[in-house]
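Visitor: Chain by chain, the residues:
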Amino acid sequence: MIEASNVSKSFGDHLVLDGISVKFETGKCNLIIGQSGSGKTVLMKCLVGLYEIDNGRVMYDDRIFSRMSFDEMKVIRQELGMLFQGGALFDSMTVEENIVFPLSMFTNQSPEEKRERANFCLSKVNLENVNKLRPAEISGGMKKRVAIARAIAMNPKYLFCDEPNSGLDPHTANVIDNLISELTKEYNMTTVINTHDMNSVIEIGDKISYIYKGKLWWEGNKDTILESDNPELNEFVFATELTRKLKQK
Amino acid sequence: MISGFLFHIGRYILLIRQVFKRPEKQSIYFRQILIEIENLGLDSLAIVAFVSVFMGAVLCIQMAFNMDTPLIPLYTIGFATRQSVVLEFSPTIISLILAGKVGSRISSEIGTMRVTEQIDALEIMGINPTTYLIFPKIVASMFINPILIMLSMILAVAGGWLAGSLTGLVPSSEYVYGIKAFFEVYDIYYALIKSVVFAFLIVSISGYHGFYTKGGALEVGAASTKGVVHSTMAIIVFNLILTKLLLA
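As they're listed, the protein sequences go chains A and B.
For the first sequence, my numbering assigns the number 657 to the initial residue and increments by one for each residue that follows.
For the second sequence, my numbering assigns the number 2 to the initial residue and increments by one for each residue that follows.
You may find that some hints are simply not true.
[As the list claims (entries may be wrong)] Simulated crosslink set (DSS-like; lysine-lysine; CA at most 25 Å straight-line):
(1) LYS869/A to LYS215/B
(2) LYS679/A to LYS878/A
(3) LYS813/A to LYS26/B
(4) LYS215/B to LYS799/A
(5) LYS780/A to LYS813/A
(6) LYS770/A to LYS788/A
(7) LYS871/A to LYS701/A
(8) LYS679/A to LYS869/A
(9) LYS869/A to LYS701/A
(10) LYS841/A to LYS869/A
(11) LYS26/B to LYS770/A
(12) LYS701/A to LYS22/B
(13) LYS901/A to LYS863/A
(14) LYS799/A to LYS788/A
(15) LYS679/A to LYS730/A
(16) LYS701/A to LYS215/B
(17) LYS813/A to LYS878/A
(18) LYS26/B to LYS730/A
(19) LYS813/A to LYS869/A
(20) LYS22/B to LYS730/A
(21) LYS863/A to LYS878/A
Worth flagging that the hints you see were computed from the coordinates, not collected in a lab.
Quantities reported herein were computed from a predicted structural model and do not represent experimental measurements.
Same shape as in the complex, but just chain A (with noise of 0.2 Å):
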C-alpha cells in the first residue's frame, strides 16, 4: 500500500496541491483523476520522489519515503516500476535494450537470463519480433507496450502510470487499460494511474482519487463514480455527450 498524509507542494507562490491525504491499495488499479493543471501529475511525481513535497509524507507500506536520501530511495526504486506519458523509451537503445537496461544495472543475470526475461515481459504485452527495433521505428502504441515490458521487467510491487493512453485510439486505449488492469491483479502489484480519460474510469477504477484545484475532492470507485451528487466530480465526468448518455440509461 502506498500512503500520502498531507501532502503539500508548492511552485513559488502557487500552492499546487494543498494537504492531500490519499490511500492506494495493493492488488487495485488506483486512479487519479482530475481536470488538466489540476495537480494529479505533480501529485504523481511527489509519490515517486520526483518532486521534493513540502509538508506532510509518502509511505510505502511501512517505510516513509518521503525523509528517505536518494540512496536509501533507490531500494525502494527497484521495487518501482513507472510507464511515462511518452513512454520515456531510451533512444540510443534497441527495445530489448531498454527491457533488459534495469536487470544489467541491478541483477547478475546472464544475457541468456536477461533475453528470456525481455521475450517475456515482451509476451505479457502482446509484443514479439520488435527486440531489435529502436523506439523510433515503432508505433505510439507499441511505445507505451515497451514502457510496460520494460517497468515490470524487476517485477515492481508498485506500479505508476502518467496518463498510460493518452494519444492513443480507443482501441489500444483500452487494450493498455486492460493490460495494466491484468499485470495488477496477476503479480498482485499496488499500481497508481493518472488518466482524464473516463473510459479508464469506468473500464479499471477499482479506486478513484478526484484532484480538484490541488485538493482531494472526491473518492469511490467505477460503480460509484457515475451515481455521486458532487457537482465538480460531476462537471469533470459528465463533460462529454458520451458519458451524460451514459448516465441517462
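Based on the hints, put chain B in the right spot on chain A.
Guide: Okay, now just chain B, sitting in the frame of chain A:
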C-alpha cells in the same frame, strides 16, 4: 545578474559532486566510457585533422611573410610554427572547435532526454542520472582529447611543412631543423594539461546546461547554444589562468 551567475556556479558545483558519486555497476560504466570515446573522440577525428593541416599551413605562410628578412634564419619559421601550434593553436583552438562540435551534441542529447522524461525514467529506476549520463563523457573526453590534440600538433606541423615546401617559402631541411630546434618536453606537458582541463570544462558545462533543460524543442536548442557559448568562455578564461600558472 550577479546572483544569477552565483546561482549557476553553485548548482554546477552540486551537479559535479553528484557526477562523481560511486557508479551503480562499474562494468556498465566502463562500456559507456568506450561508447563515448567513439562518439566524442573518434567521430571528431576528421574535423580535427582537417582544421589542423590547414591551420599549420596558414601559420607557416604567415610566419614566412612576417620574417622576410635575411637577419632571421629561415629555420625560425619552422620553430615559430611549432611553438605556436604546440603552445596555443592545437590545445586551445582545437578545444574551441570541440566545444562547438562535442558541446552542442552533449547539451542537446541530455536536454532531449530531460524533456522526453528519459532522465526521470533513470531516476525512477534508482540510477543516478548525473553519474550515468555525464561521468562516462567526462572520463572519455579527458582520455581522448589529449590524443586528438597530439594528433593535431603532428598534422599542423606537417601542414606547415607541406605549405612551406610547396610554395617555396621555406626549404624542407630548414623547416625540419626549425621544428626540432630548442625543443622543450615541458611545452607538450603544458599543452596536454590544458587539453585535459578544457575537456572537463566542455563536457561538464555542456552537460550542466543539458541536464537542467526545461520545456521542449526550443529550450533544447537554447541549452545547446548556452553549452557551447559558456564552455567557450570558460576555455578562454582558463587558458589565461593555466598559462599564468604553468608558464609565467
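Visitor: It remains to establish, for every hint, whether it holds in the given structure.
Guide: Status of each hint after checking the structure:
no.	hint	verdict
1	LYS869/A to LYS215/B	holds (24 Å)
2	LYS679/A to LYS878/A	holds (17 Å)
3	LYS813/A to LYS26/B	holds (23 Å)
4	LYS215/B to LYS799/A	holds (23 Å)
5	LYS780/A to LYS813/A	holds (17 Å)
6	LYS770/A to LYS788/A	holds (14 Å)
7	LYS871/A to LYS701/A	holds (16 Å)
8	LYS679/A to LYS869/A	holds (19 Å)
9	LYS869/A to LYS701/A	holds (17 Å)
10	LYS841/A to LYS869/A	violated (31 Å)
11	LYS26/B to LYS770/A	holds (16 Å)
12	LYS701/A to LYS22/B	holds (24 Å)
13	LYS901/A to LYS863/A	holds (23 Å)
14	LYS799/A to LYS788/A	holds (13 Å)
15	LYS679/A to LYS730/A	holds (22 Å)
16	LYS701/A to LYS215/B	holds (16 Å)
17	LYS813/A to LYS878/A	holds (23 Å)
18	LYS26/B to LYS730/A	holds (13 Å)
19	LYS813/A to LYS869/A	violated (30 Å)
20	LYS22/B to LYS730/A	holds (14 Å)
21	LYS863/A to LYS878/A	holds (7 Å)
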